[in-house]
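Trainee: Note that the protein sequences, when read in sequence, are chains A and B. Numbered per my numbering, the first sequence finishes at 269, counting up by one with no gaps. Numbered per my numbering, the second sequence finishes at 269, counting up by one with no gaps.
In short, the hints are calculated from the structure, not lab data. Warning: the hint list may mix true and false statements.
Okay, the calculated beta carbon distance ranges per label pair [what the hints assert, rightly or not]: (1) Arg-268(B) x Ser-195(A): 43 to 49 Å; (2) Ala-213(B) x Gly-147(A): 29 to 35 Å; (3) Arg-233(B) x Glu-136(A): 56 to 62 Å; (4) Pro-173(B) x Ala-123(A): 43 to 49 Å; (5) Pro-173(B) x Gly-263(A): 25 to 31 Å; (6) Gly-132(A) x Asp-220(B): 33 to 39 Å; (7) Glu-81(A) x Ser-201(B): 39 to 45 Å; (8) Arg-268(B) x Ala-130(A): 27 to 33 Å; (9) Ser-195(A) x Glu-249(B): 17 to 23 Å; (10) Leu-202(B) x Ala-123(A): 21 to 27 Å; (11) Gly-263(A) x Ala-199(B): 56 to 62 Å; (12) Arg-268(B) x Ala-127(A): 32 to 38 Å; (13) Pro-185(A) x Val-155(B): 43 to 49 Å.
Far from chain A, by Cβ distances over 12 Å, these chain B residues were calculated [unchecked claim]: (14) Thr-197; (15) Thr-206; (16) Ala-213; (17) Val-239.
None of the values given here were measured: they were computed from a predicted structure. Yeah, the Cβ is synthetic: ideal placement off N, Cα and C, and Gly gets one too.
There are 2 protein chains.
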Amino acid sequence: MSSPSASVPSAAASQDPGVAENPAIVSACVIVIGNEILSGRTRDANLGFLAEQLTGIGVWLMEARVVPDIEAVIVETLNEVRHRFDYVFTTGGIGPTHDDITSASVAKAFGVPCTLHPEAHALLKAHYAEGQLNEARLRMAHTPEGATLIENPVSTAPGFQIGNVFVMAGIPSVMQAMFESLKPCLTGGTPVRSVTLAVSLPEGTIAQGLGAAQDRFADVEMGSYPYRTGDRFGVRIVLRSVDEVLLEAAVEAVSEMIRELGDEPTRE
Amino acid sequence: MSSPSASVPSAAASQDPGVAENPAIVSACVIVIGNEILSGRTRDANLGFLAEQLTGIGVWLMEARVVPDIEAVIVETLNEVRHRFDYVFTTGGIGPTHDDITSASVAKAFGVPCTLHPEAHALLKAHYAEGQLNEARLRMAHTPEGATLIENPVSTAPGFQIGNVFVMAGIPSVMQAMFESLKPCLTGGTPVRSVTLAVSLPEGTIAQGLGAAQDRFADVEMGSYPYRTGDRFGVRIVLRSVDEVLLEAAVEAVSEMIRELGDEPTRE
């Protein structure tokens, strides 16, 4: 018997629906910065939000990394990913304490000094009462030279953009507000359409037919996500493509395959 | 005025309490594999669990990555991180469908064939009713040559270990059961002790004193996590170290600093 994996279409063909080759695809990487995520103290809530938001505006999140508050790691990671993806979004590490080293690290990655940003300085001066804008808080007005600010309507201290890198806070409510501020600056590619089919059959039953459908529709990404409700196994099939006509043809082909296996898929 | 960032201790000194230099430190990297996390369809629940578990047994999670179901990316990522960290844990992509390419990708990274594992085959034969173990399900019995199995008490199809890489399922309940199975195989380093101090002062008020304390106790990692309850700002200070005596001394020093600012820290 030949290995079942021999019949799998190549990953590049089946799981990367033209992203690498398609100039209409805009790619992104998220870097979550913070020891607290890696120690398990804090559960990250930013990646899921950004994934959903970026997908919604036609930006493909291609990778995410969680890195500790170590300057060398942040610099190396940034310099690797900012050349590989159209956009890079970072969260965390821009507060007033000694462990907030993102701004200085980004500056180092870009080879520019981290200096007091006059606009950010003015914002903080207006925000804090007389005598409250101490040296620690002034850290939050420092950005890599040449950066432009990202507005923070929640707690004033801004994020910033330099090149294709957008630097945001780690607190989810602040990060989300900053993302809303910068969103109009992003140019998405062709929006990705998605259809989900819920099927009341175990994944192993539909797998062969789904693989064949994926072979036939190489430009439609087909994902299979099993679920279990009590003793019942089911699977959600998610079909995604930038080509709506092709997507509908693939949905029809997969639905027909499911019907032949004795179930009626539900479009969610 | 000198830049406030000039007064920050170097990241390597302050935020990496001896990890790189200390042979007693055992390091790890988690790779979350799956388009569904990057598209925002599914919120990852595995990273937080693994972070907490690893910390609990004295393994330092130093980095995490979320990568798509693209073979070349998985292979490249694995080959980068498995040489840099003591342990690598992957989640996702070991089911029966065409998009489950983790086993084949791990085999490729290790330069070995992905073959039918006799024990895994026997497990699946015993689990499925006559005629149900089709070619798709047999994919789940394929592992890189030389791998040893990780038991799956939830749904039978096993994970596996090859070298320092542990390959687990993506469904949280299955992943957690697999982690429980493999946990006895892990050798942690000196356990990391952690103390949290809750302070009813804004982060910017304690930042300078905390930075000075961090300078004084370079081998105690001090993290500052602001929170907001209604109109009140507060901050939790997390101190972590492998050295308990040093940790208690640092906790005392930080507590004294907080008292001098007019607040009594609460040890949580």
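Trainee: State for each hint whether it applies.
Mentor: Structure-based check of all given hints:
{"no.": "1", "hint": "Arg-268(B) x Ser-195(A): 43 to 49 Å", "in the structure": "48 Å, holds"}
{"no.": "2", "hint": "Ala-213(B) x Gly-147(A): 29 to 35 Å", "in the structure": "31 Å, holds"}
{"no.": "3", "hint": "Arg-233(B) x Glu-136(A): 56 to 62 Å", "in the structure": "24 Å, violated"}
{"no.": "4", "hint": "Pro-173(B) x Ala-123(A): 43 to 49 Å", "in the structure": "47 Å, holds"}
{"no.": "5", "hint": "Pro-173(B) x Gly-263(A): 25 to 31 Å", "in the structure": "30 Å, holds"}
{"no.": "6", "hint": "Gly-132(A) x Asp-220(B): 33 to 39 Å", "in the structure": "34 Å, holds"}
{"no.": "7", "hint": "Glu-81(A) x Ser-201(B): 39 to 45 Å", "in the structure": "41 Å, holds"}
{"no.": "8", "hint": "Arg-268(B) x Ala-130(A): 27 to 33 Å", "in the structure": "30 Å, holds"}
{"no.": "9", "hint": "Ser-195(A) x Glu-249(B): 17 to 23 Å", "in the structure": "53 Å, violated"}
{"no.": "10", "hint": "Leu-202(B) x Ala-123(A): 21 to 27 Å", "in the structure": "25 Å, holds"}
{"no.": "11", "hint": "Gly-263(A) x Ala-199(B): 56 to 62 Å", "in the structure": "58 Å, holds"}
{"no.": "12", "hint": "Arg-268(B) x Ala-127(A): 32 to 38 Å", "in the structure": "37 Å, holds"}
{"no.": "13", "hint": "Pro-185(A) x Val-155(B): 43 to 49 Å", "in the structure": "45 Å, holds"}
{"no.": "14", "hint": "Thr-197", "in the structure": "8 Å, violated"}
{"no.": "15", "hint": "Thr-206", "in the structure": "8 Å, violated"}
{"no.": "16", "hint": "Ala-213", "in the structure": "9 Å, violated"}
{"no.": "17", "hint": "Val-239", "in the structure": "6 Å, violated"}
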